[in-house]
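Residue numbers (the UniProt record's numbering), protein chains in the order written: chain X, 1 to 354; chain H, 1 to 518.
Fair warning: there could be bad hints in the mix.
[Stated by the list, open to error] Derived lysine-lysine pairs resembling DSS-like cross-links, with alpha carbons at most 27 Å apart:
| no. | chain 1 | residue 1 | chain 2 | residue 2 |
| --- | --- | --- | --- | --- |
| 1 | H | Lys201 | H | Lys219 |
| 2 | X | Lys224 | H | Lys68 |
| 3 | H | Lys219 | X | Lys224 |
| 4 | H | Lys402 | H | Lys219 |
| 5 | H | Lys29 | H | Lys201 |
| 6 | H | Lys219 | H | Lys29 |
Please keep in mind that the hints were generated in silico from the structure rather than gathered at the bench.
Here is what each chain is made of, one letter per residue.
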Amino acid sequence: MTNDSAIDRLQSASGRLFIAAVAFLTLVVLAGFGLFAPASTPGQIFWVLASKSTLSSTLRLSVPIVLAALGGIFAEKSGVINIGLEGLLIISAFAAIFGADVTGSLWLGFLVGIVASTLLAGVFAIVCIEFRADQIIAGLAVWLIALGLAPFASQVFYGGPNTSSVGTFDTITVPALADIPFFGALFDASPAVYIMFAAVAASWYVLNRTTFGRWVRAAGENPKALDTAGVDVSRVRYVAVLLSGVLSGMGGAALAINIGQFSGNGPTMVNGKGFIAIVAYLFGNYNPVGALLSTTLFAGLEAIQIRFQSGDILAIPNSLVQTIPFIAVIVVLALVGKTRLPEAAGDHYESGEE
Amino acid sequence: MEQAVHLDGITKRFPGVVANDDVDLAVEKGTVHALLGENGAGKTTLMNVLYGLYQPTEGTVTVHGDEKQFHSPRDAIDEGVGMIHQHFMLVDPMTVTENITLGNEPRKWLGLTVDREQSRQQVRELSERYGFDVDPDARIEDVGVGVQQRVEILKALYRGADVLILDEPTAVLTPQEVQDLFRVLEELTDQGKTIIFITHKLGEAMEAADEITVLREGKNVGTVPADDITREELAEMMVGREVLLDLDREPAEPGRPVLDVEDLVVEDDRGVRAVDGISLEVRAGEVLGIAGVDGNGQSELVEAITGLQLPDEGTITYDGVDRTTDSRRERIEAGMAYIPEDRQERGLVMDFDLVENGLLGSQHAADYTSNGRIDWDYTRDHAEEIIEEYDVRPPNADAHAKSLSGGNQQKFVVGREFARDPRLVVASHPTRGVDVGSMEFIHDRINALREAGRAVLLISSNLDEVQSLSDRLAVIYEGEIIDIVDPERVTEEQLGLLMAGQQPDAVPTIAADGEGQQ
């Protein structure tokens with residue numbers, strides 16, 4: 001047991017290292033083409049990659065995924081697998097637009113989005129913790145409820161699956177720094193992007209340095225140990241799941257306000273971002289920073305994919321280009337191998353039970 | 001002497017059961033007190049009352065002279081009573097320090113942040129004070145069971161315990177770790193701590209305790225000083241009748257070889273040679289014992305012989321037929337029975353009832369099927385026969401395996417395997433975690449098989465067991481058979497050295513035909 005776990009850790013670490021190395025090498029090769037043969041296909045790809053707008057759309061696409069992933073980390077680390085992140089994003093995306101529309105303030109709308117998502121997460125928490133429902137089924141229910149409820153509410157209030165427009169956040173631009181090539185995108189972004197970075201740092205700190213974070217980890221690994229140490233496991237799990245609602249709420253609200261409108265057609269504007277978030281935190285091994293990095297990988301591929309579609313760089317059909325991020329996700333997950341799930345994730349816990 | 005704990009007239013009733021019946025227990029401060037009894041005698045219930053997990057139906061709990069009412073473990077901890085459970089309550093991926101301070105972390109910065117430097121410092125001081133060799137920064141999953149147990153003890157001490165209850169602390173330890181634990185207990189009592197440890201092992205109670213209280217069927221049978229009582233007297237107190245600890249038996253009359261293992265090599269998951277060129281032979285009508293510290297290749301050897309893992313080199317001949325690559329099913333059909341070391345993992349399906357569990361391994365046999373479907377009537381009769389013959393309690397074939405005590409689970413597994421009428425039995429730790437009454441019973445059965453001319457390969461880390469049951473005793477160390485000795489004449493010291501990989505002088509070795517050599 002002892003050695004196995006050490007080997008697992010090594011294997012997954014080397015898998016991650018391998019991916020990073022391959023990505024870096026590819027980048028170097030592309031950069032070579034970009035510098036010496038800018039007109040060639042790889043050269044063009046490099047300049048797409050290196051453009052400021054690619055980074056800025058990567059960041060924009062990352063916001064909802066990263067925030068939902070952070071929420072997922074808290075919930076799952078505490079032992080409650082929250083696969084309803086998608087639903088939380090959907091409900092908060094609609095609620096944010098609706099709130100902004102009613103109050104006339106984007107920030108109040110943002111808050112309404114968070115509240116809606118937290119309420120739904122609260123229902124999920126009660127069903128899972130108090131009533132011991134299967135977490136996967138309850139999570140799917142959260143998704144399906146939101147998937148039905150948000151477009152329905154839009155239909156009621158706006159007469160169609162799409163809401164009216166409410167405007168978007170103004171970008172915050174840091175003078176001078178914003179002019180740096182490529183990285184300037186970091187200093188010329190929506191407030192949501194800064195919120196995302198702050199949330200990553202705060203989540204890391206809470207999980208790794210505070211007593212609450214330690215209890216969250218213990219609740220997900222061996223709740224009985226936490227219980228016998230005199231800490232109420234259910235309470236820790238409630239707080240963690242509610243936090244996943246708050247964080248996902250910020251993500252969904254930011255997503256909608258970024259566009260200025262909620263569109264509820266088909267899979268809605270969220271379109272699987274909640275599920276990608278699950279992949280992102282698994283790939284990031286439940287580390288908030290890891291989740292951020294893996295999300296930027298996926299979001300970056302998505303951004304490039306969009307550019308490729310419009311740029312006619314690659315001589316392949318657009319529908320194939322669109323599959324790039326998903327293929328990348330599969331390849332990456334296959335290479336990473338095992339991510340170690342918290343021991344008690346998915347298990348109910350009741351104090352005093354054998 | 002001051003009394004650390006005094007339980008007076010404790011009765012604990014559960015619906016339909018009286019777990020403790022008017023039990024008195026007085027424990028002197030600064031001593032080790034063993035609570036001895038068979039499985040189900042009410043030892044753990046009594047300690048759960050002291051620890052606040054259960055409220056007594058009647059009776060009072062007095063700690064350090066004051067009568068207390070504990071409504072939860074938290075209350076008990078606050079009064080300095082700590083309990084180390086049989087299954088450790090540790091968070092594997094966390095460090096030793098994080099586990100010890102969990103729930104009581106020293107804090108800084110408005111109480112939100114863990115003061116990691118101070119926690120580490122406190123743990124180091126505590127560990128040094130009691131002479132524990134524990135690295136505060138090691139992860140629990142990277143340290144051995146013995147260290148994990150010390151972390152559990154430190155956890156209780158960190159919370160200010162001065163009465164420590166240990167529930168079956170030796171069940172998971174190797175003989176060496178048991179000795180380490182006893183040294184730790186001595187150090188703790190020297191510093192004024194009081195220890196109560198629950199056990200069903202006579203030898204350990206006599207070795208480590210100052211006083212022994214024996215429980216039987218929920219009642220206190222008596223409290224005796226450990227120094228002036230014999231094993232036989234204790235065993236009789238526990239079981240309520242005379243127990244034959246030493247088997248009286250006929251010398252072996254080994255017949256033809258049933259199992260012949262040649263130059264067997266088995267690599268483990270990591271490519272390490274767990275079994276490194278072992279050759280051995282088990283004959284009809286003899287018990288070949290394999291002694292060794294756990295983890296020296298016993299599991300891999302057993303898995304190769306029983307067909308759970310393919311060997312990398314070597315041959316396994318059974319009844320004159322090369323069965324090296326035979327499947328598990330073919331080996332069962334050839335009459336090879338297997339008592340696995342972990343009954344809950346491999347021996348039983350815990351959520352199946354005994355009827356279904358009794359079928360396991362026989363699901364293809366003609367007797368148990370009719371027209372391609374399972375014959376449940378026959379299967380039920382079979383399970384009921386095992387239950388009756390092996391005295392499995394409760395005698396209910398519809399009970400789920402998980403509802404049985406460990407000893408009864410083990411009796412059922414042994415019964416099922418022996419009911420196959422095997423020609424070879426591979427018994428891996430057949431009495432691990434089993435009380436003395438069931439142990440005697442299982443030993444009897446193994447002897448009966450031997451007398452019926454069957455071959456038995458017995459693997460156990462319990463030296464008493466392998467010495468008393470085996471006709472020849474092989475010692476395994478790092479995947480090799482160091483020596484095959486005469487179990488009747490070898491001393492425990494010599495065995496200890498062999499198990500540590502050394503070759504002591506003048507070991508009474510023994511040849512395959514049972515003739516002793518010097």
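Here is how each hint holds up against the structure:
For the given pair, lysine 201 of chain H sits about 18 Å from lysine 219 of chain H by alpha-carbon distance, which is consistent with the 27 Å threshold. As the CA atoms of lysine 224 of chain X and lysine 68 of chain H are separated by approximately 25 Å, the hinted pair is consistent with the 27 Å bound. Using a Cα cut-off of 27 Å, the hinted pair lysine 219 of chain H and lysine 224 of chain X is violated, with the two alpha carbons roughly 30 Å apart. Between lysine 402 of chain H and lysine 219 of chain H, the direct Cα distance comes to roughly 25 Å. Compliance with the 27 Å bound is thereby established for this hinted pair.
Restraint check for lysine 29 of chain H and lysine 201 of chain H: satisfied, since their Cα atoms lie roughly 23 Å apart, inside the 27 Å limit. Between lysine 219 of chain H and lysine 29 of chain H the CA atoms are separated by roughly 23 Å; this keeps the pair inside 27 Å, and the hint holds.
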